[in-house]
Amino acid sequence: MPAGVFKEKYEELMGLLRYPIHWAALAAGTALLLALPLLIGPYYTSLAVTLAVFTVGAIGLNMLTGLAGQISLAQGALMGVGAYATVFIAAALHTNIIAAILPAAILTALVSTLLGLPSFRLKGYYLAMASIAAQMILEYIFSVIDPDQYTPVPVDMKTLGPISLAQTTTQYYIILGCAAIAALAAANIGRSAIGRAMKAVRDNDVAAEIIGIDVARVKALAFALAGFFAGLAGGLYALTVTGIDWTAFTLDTSIEYLAMVLVGGPGRIVWGSLLGAMLIRTGWSMLEASLSDTLTMMGLGILASASKYIVLGALVAAFLVLEPEGLIGILRRVKEYLRLWPYSY
Amino acid sequence: MLFTGRSIASLMERLWPPSSRYKPVEASGGAVLEARSIVVEFGGVKAVNGASIRVGRHEIVGLIGPNGAGKTTLLNVLSGFYRPKEGRVYYMGRDITGLPPHARARLGIARTFQHSELFKHMTVVENIMVNLEPWRPYTVLDAALWLGRARRWEVWARERAEEVIELLDLHRYRDRIVGSLPPGIQKRVDLARALVQEPRIVLMDEPMAGLSREEKEDIARAIIEVYETSETSFLLVEHDLEVVMDLCEKVFVMDYGRVIAEGRPEEVANDPRVIEAYIGR
Chain A
22 MPAGVFKEKY EELMGLLRYP IHWAALAAGT ALLLALPLLI GPYYTSLAVT
72 LAVFTVGAIG LNMLTGLAGQ ISLAQGALMG VGAYATVFIA AALHTNIIAA
122 ILPAAILTAL VSTLLGLPSF RLKGYYLAMA SIAAQMILEY IFSVIDPDQY
172 TPVPVDMKTL GPISLAQTTT QYYIILGCAA IAALAAANIG RSAIGRAMKA
222 VRDNDVAAEI IGIDVARVKA LAFALAGFFA GLAGGLYALT VTGIDWTAFT
272 LDTSIEYLAM VLVGGPGRIV WGSLLGAMLI RTGWSMLEAS LSDTLTMMGL
322 GILASASKYI VLGALVAAFL VLEPEGLIGI LRRVKEYLRL WPYSY
Chain B
1034 MLFTGRSIAS LMERLWPPSS RYKPVEASGG AVLEARSIVV EFGGVKAVNG
1084 ASIRVGRHEI VGLIGPNGAG KTTLLNVLSG FYRPKEGRVY YMGRDITGLP
1134 PHARARLGIA RTFQHSELFK HMTVVENIMV NLEPWRPYTV LDAALWLGRA
1184 RRWEVWARER AEEVIELLDL HRYRDRIVGS LPPGIQKRVD LARALVQEPR
1234 IVLMDEPMAG LSREEKEDIA RAIIEVYETS ETSFLLVEHD LEVVMDLCEK
1284 VFVMDYGRVI AEGRPEEVAN DPRVIEAYIG R
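Just so you know, the sequences run in chain order A and B. So the first sequence is residues 22 to 366, counted in our numbering. So the second sequence is residues 1034 to 1314, counted in our numbering.
Hints are supplied without guarantee of correctness; some may be wrong.
What the hints assert, rightly or not - The calculated EDC-like cross-link candidates involving lysine to aspartate or glutamate, where the alpha carbons are at most 20 Å apart (straight line), are:
(1) Lys-1153/B with Glu-344/A
(2) Lys-1118/B with Glu-1092/B
(3) Lys-1118/B with Glu-1074/B
(4) Lys-1153/B with Asp-226/A
(5) Lys-30/A with Asp-1208/B
(6) Lys-28/A with Glu-1192/B
To be verified - Cβ pair distances, simulated, as ranges:
(7) Gln-170/A with Pro-1215/B: 58 to 64 Å
(8) Asp-314/A with Gly-1181/B: 53 to 59 Å
(9) Leu-59/A with Val-1188/B: 41 to 47 Å
Derived from the structure by calculation, the hints contain no laboratory data. Where is the CB? At the ideal position from N, CA and C, for every residue including glycine.
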């Protein structure tokens, strides 16, 4: 009987589920997620749906920013591209939304690759500025396509064969499934040679070029993947709403996405994105509400309207300074503490 | 052993059919890498001024010279990082002067660095495995779905990396983050990174700089072992003359951007021009 878990093949060592506890966690997690709508009621189910949608988008940005090291502030607009494309494709081909999501995501990937072209020459702040420009251009295009800020998503599009997807519960299961597949795909890409090449470009692009990595191609691929996941998130978002309003895809959304990545854990594409999405989407509004109340009570009502941005800025700044690895870093330390408990070393 | 199993060289031939990208001409007389009359200028300063060097098949060649002689610049021309103002670079008889660095690496020209240019936030084994990425045979879709092709190649890449880890005795550091390792180990990882590509030639920029005697011996032993068991050539830019004398069969001496002497190490060491360049008249 071996005293621990020992791997005899490299393939086992590379697995996503390496230890018995992973299998147990997978089983428990699946059961919990499947039973969730029954446990928490419709309001929180719709919140979970939103979280799943934003997690998919954040995974895309996390691959781009956390793995490949390219900052982008256009993820929100790309999600919009995905949402509009999904509805337009579904309307044009008279299909349901689910069938239109994949082509829409591929289209978004193409748009994103195009917007990523400046990354071949620009780095850091300059690339961030270029991506804000891309965000603005896309917002302008949305405002031309959709001047009423309302593109209805007809209920008869929200079907999958005989099943209607208008209910929050059915949406939950469909979106959960899509998000799980997307997360698995992202994790696989992250542990493959492609993920390593992206990390190499992030850490040292000159050396990456010298060892034979086509840096421009890797960057283009990272943008394409970020766009694909943004498009996927946009398509799933379209499924959850009655009409698309492009003001949901403004620079605020893009900043929110970047905050999810930075707070959750850049480079930890699945768990970092999930935790980031959870904290930013839920914790943010709670903190915002309490800060806004406090400010009003203190007679600083004039600042209360800005409390949203104060909270977001403070969160991101605090994580960048105190915990650059994000929530994942905190979790890892907690895990390490519990593993060694009750001894400190 | 290191060079058994599926050879990267054959993958390379498949990826780069001789007709594509680079021009086949110029009988090379067996030279793996050859630079002819290279001139590199930085704002009017001629860092390299008409230097020519030649590394044959299965040779360890040294490139020495005082500081500022243009050795590293020449190395950067060979690896494609600088484009020369004049002169051509030939690899296996083909003109590769216009190829970007990543294409040269794919052809079998590996390179190590004077200062650590490793990927700091990756583990040692990842740093080594990432060097096989140029030969990745599968697409993003294969990776996303973790299909057989991707899985088998990943296992193969890991086995290759482990062979080089074995060669350079890096077992203990396998899963450590490279940025946290001491410089001596980082130099070994850098060499491992180059060797995993099974290159035809390794360009080494001061592999021994800043190392202790034992660390130098470790690196030298690895170079000799690879040299003895394969066809690989080495070009060493080095300040430690003792190392050069022990390892190299042939030495080029540079000064003021020119090659002032070449030959066997003991001949070169007694050459009056070389003594003058190093010590002054």
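Hint-by-hint comparison with the structure:
1. Lys-1153/B with Glu-344/A: Holds, at about 18 Å.
2. Lys-1118/B with Glu-1092/B: violated (28 Å)
3. Lys-1118/B with Glu-1074/B: Between Lys-1118/B and Glu-1074/B the Cα gap is close to 7 Å, so the pair holds against 20 Å.
4. Lys-1153/B with Asp-226/A: holds (12 Å)
5. Lys-30/A with Asp-1208/B: Measuring from Cα to Cα gives roughly 16 Å; hence the hint holds.
6. Lys-28/A with Glu-1192/B: Holds - the C-alpha atoms of Glu-1192/B and Lys-28/A are around 14 Å apart, at most 20 Å.
7. Gln-170/A with Pro-1215/B: 58 to 64 Å: holds (59 Å)
8. Asp-314/A with Gly-1181/B: 53 to 59 Å: holds (57 Å)
9. Leu-59/A with Val-1188/B: 41 to 47 Å: Hint holds: Cβ distance 42 Å, inside 41 to 47 Å.
Of the numbered hints stated above, the single one contradicted by the structure is hint 2.
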